[in-house]
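Please construct the entire structure, taking both the sequences and the accompanying hints into account.
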Amino acid sequence: MRAWLACGVAGAAIAVLLAACQRDPADSREVVRFWAMGYEGEVVARMLPEFERRHPGIRVDLQQLPWTAAHEKLLTAFAGDALPDVVPLGNTWIAEFATLGALEPLDARIAATTGFAREDFFAGAWDSGVIDGHVYAVPWYVETRVPFYRKDLLAKAGITSLPQDWAQWETAMAAIKRLAGADQSAILLPLNEFEPLLNLAVQQPDPLLRDGGRYGNFRSDGFKRTLTFYLGMFDLGYAPRIDNTRISNVWDEFGKGTFSFYISGPWNIAEFRKRMPEDLRDAWTTMPLPGPNGPGASIAGGTSFVVFKQSNRKDAAWKLIAFLSEPEQQLRLHELTGDLPPRRSPWASPALAHDPYAAAFRDQLERAVPAPKVPEWERIAQEMRIVGEQLANHRVSVDEAAAELDRRADAILAKRRWMLDHKSAESAQ
Amino acid sequence: MSARLAGWLFAGPALLVIALFFGVPVLAALALSLTDFDIYALADIDNLRFVGLGNYLALLQNPLFWKALGNTFYFVLVGVPLSIAASLGAALLLHAKVARLRPFFRTALFAPVVTTVVAVAVIWRYLFHTQYGMVNWGLSSLGIDPIDWLGDPAWAMPTIILFAVWKNFGYNMIIFLAGLQAIPEDLYEAARIDGASGWRQFRHVTLPMLGPVLLLVGILTMAGYFQMFAEPYVMTQGGPLQSTVSVLYLMYEEGFKWWNLGNASAVAFLLFVIMTGITSGLLWLARRRGVE
Numbered sequence: 001m002r003a004w005l006a007c008g009v010a011g012a013a014i015a016v017l018l019a020a021c022q023r024d025p026a027d028s029r030e031v032v033r034f035w036a037m038g039y040e041g042e043v044v045a046r047m048l049p050e051f052e053r054r055h056p057g058i059r060v061d062l063q064q065l066p067w068t069a070a071h072e073k074l075l076t077a078f079a080g081d082a083l084p085d086v087v088p089l090g091n092t093w094i095a096e097f098a099t100l101g102a103l104e105p106l107d108a109r110i111a112a113t114t115g116f117a118r119e120d121f122f123a124g125a126w127d128s129g130v131i132d133g134h135v136y137a138v139p140w141y142v143e144t145r146v147p148f149y150r151k152d153l154l155a156k157a158g159i160t161s162l163p164q165d166w167a168q169w170e171t172a173m174a175a176i177k178r179l180a181g182a183d184q185s186a187i188l189l190p191l192n193e194f195e196p197l198l199n200l201a202v203q204q205p206d207p208l209l210r211d212g213g214r215y216g217n218f219r220s221d222g223f224k225r226t227l228t229f230y231l232g233m234f235d236l237g238y239a240p241r242i243d244n245t246r247i248s249n250v251w252d253e254f255g256k257g258t259f260s261f262y263i264s265g266p267w268n269i270a271e272f273r274k275r276m277p278e279d280l281r282d283a284w285t286t287m288p289l290p291g292p293n294g295p296g297a298s299i300a301g302g303t304s305f306v307v308f309k310q311s312n313r314k315d316a317a318w319k320l321i322a323f324l325s326e327p328e329q330q331l332r333l334h335e336l337t338g339d340l341p342p343r344r345s346p347w348a349s350p351a352l353a354h355d356p357y358a359a360a361f362r363d364q365l366e367r368a369v370p371a372p373k374v375p376e377w378e379r380i381a382q383e384m385r386i387v388g389e390q391l392a393n394h395r396v397s398v399d400e401a402a403a404e405l406d407r408r409a410d411a412i413l414a415k416r417r418w419m420l421d422h423k424s425a426e427s428a429q
Numbered sequence: 001m002s003a004r005l006a007g008w009l010f011a012g013p014a015l016l017v018i019a020l021f022f023g024v025p026v027l028a029a030l031a032l033s034l035t036d037f038d039i040y041a042l043a044d045i046d047n048l049r050f051v052g053l054g055n056y057l058a059l060l061q062n063p064l065f066w067k068a069l070g071n072t073f074y075f076v077l078v079g080v081p082l083s084i085a086a087s088l089g090a091a092l093l094l095h096a097k098v099a100r101l102r103p104f105f106r107t108a109l110f111a112p113v114v115t116t117v118v119a120v121a122v123i124w125r126y127l128f129h130t131q132y133g134m135v136n137w138g139l140s141s142l143g144i145d146p147i148d149w150l151g152d153p154a155w156a157m158p159t160i161i162l163f164a165v166w167k168n169f170g171y172n173m174i175i176f177l178a179g180l181q182a183i184p185e186d187l188y189e190a191a192r193i194d195g196a197s198g199w200r201q202f203r204h205v206t207l208p209m210l211g212p213v214l215l216l217v218g219i220l221t222m223a224g225y226f227q228m229f230a231e232p233y234v235m236t237q238g239g240p241l242q243s244t245v246s247v248l249y250l251m252y253e254e255g256f257k258w259w260n261l262g263n264a265s266a267v268a269f270l271l272f273v274i275m276t277g278i279t280s281g282l283l284w285l286a287r288r289r290g291v292e
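Those protein sequence lines, which keep their order, are chains A and B.
Those letters in the first sequence? Residues 1 to 429, per the numbering used here, in order.
Those letters in the second sequence? Residues 1 to 292, per the numbering used here, in order.
Honestly, the hints are just simulated from the structure, not real lab data.
Heads up, none of these hints are tricks.
Here are the in silico distance ranges between beta carbons for each label pair:
id	chain 1	residue 1	chain 2	residue 2	range
1	A	E400	B	I144	34 to 40 Å
2	A	T160	B	L82	56 to 62 Å
3	A	D252	B	L142	26 to 32 Å
Note that the structure is a prediction, hence the values are computed from the model and not measured.
Note that beta-carbon positions come from the ideal geometry of N, C-alpha and C, so glycine has one too.
In structure tokens, the structure reads:
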């Protein structure tokens, strides 16, 4: 009675309070707080009514975050004990939040859920969520990088079979460059992105970090081979020494033939479909990323669901994850956004199986691998971009670049080494 | 109640607010700069180490810090005089007796100040585009080869300076205009009777009378230019080859991108020390020359 009275008094002025007062007595459902980033955050709202219909006892409280603010917001929420129950984390953030001790291991829940077949997931995408043998994250959608290319220009340059390895790729680029002349290039490798270099680097057998992520491993022969190949593409004129801020419209330049190869992710399928000129509609497609000796690896990006340790509705939170991980729901997400499913079974559906542009991604995802799982990785990747830019501009040689990267990575990892040693010393006592 | 106590009582609320919202955070940041607070310390406070002046020493040995400092000084040393000259020039033109449509030009020249950096940066990026930019198009009609304004490490900073000067000169122009209007007309009359030319009137009447205004504008502009951040952030993101990374940009990346709050606080304090040193130097110089 008194609560109603309070509502009556404050009601006209404080609409929020009114809404809270009206909702609570009628709605006794358990509330799962779900934060989702970017466009997927908007779209997933349309999938939630089905979940709430199937689980009448649960209501999902969805908050949308912009990607640019998400990382900071999550860290401050962690510090302030205000984390939600479920979030699809960017794959490169999983190690960081696991280190913070913010994530709940999901192994037992996965084992207890029927129809949740981990073998159905692409190995690289699944592995992104596994840290020290425990599963902390379950992939929601995946992305990886493959070359988009101009079929017509390759044919014109006399390239009849798709390049499978670096040598064939170089031959193709040389032919295109001959055709294109001095003003145009064969490939765009924007100097302000680390992704092209990183994807070429994970194709080598040598890991990028060594000793459990304690030191950089950039002086390995494999990484130097990647650097040499990367530098060669600039030196031979296949790639222009420019960054993305100077390509005002990638699709437009691709249409003009300024470059014939462009390494990018699945979101660009829809963009190219929309933005390529009418007469070039069928002049482009995608291909698996060539490796040093035959089709190579790439980075498994995307987002993966986590449940936070602070949550006290973990069971309901897991039910939401299990629902969104069902093949039908992954397919629905693909219909709504074009995002690629991390499970293999949805790929058998006509929508994906008959999509010529997605085929290369399907093939590539089998070989995708996670980025090194240390919290410092994004920072090291940035250093990789900076040193890669210096290399492309001949400020350093391949050997110097490798040594410099090791030096920078070791400095960034210093605290991690201290912390790991500190921990092992403590547990030994 | 004594006058002394009353004075303190009146100043009290303001002092309290300053102590709470300025003093405490600054001291906390100073304390933070002596630790290696980072993501690991956020996870477990046991991972926080007191490093003394370690952050500062590491910064002084970090080539990127020196590069950022060099870039910032470049920006300040070229940008501030240019900005003040542009403001003073515009103010003199607007103040001239022959000037027509004064309110219109005053508004037009002030307009860049009230625009959003982000929105304007998009337009500038198009203007200075290597292939399609209007600037290179204009130059090409004079027979000058296209310049890669934002992509060439040697040209990126001059372009950013030009952008900053254009964006900010209107503000100082208004201050100068007020200063010019305060100069009594009879001084010019006397100078004219003595046969002084236009240039000598400017040199010996306008400039000395504008002294205090110049000092104020100089200090404000310099403090603003030392905190260069938005321009490189929206135009070049520190590139190409880190030629537009400023000290504040470095601090932003350390603190908010990599979460090394200890290190970022140290950068902030070094910048604070440098700015205080230069501003006091300027004030001392002005006092010695009797401007203040």
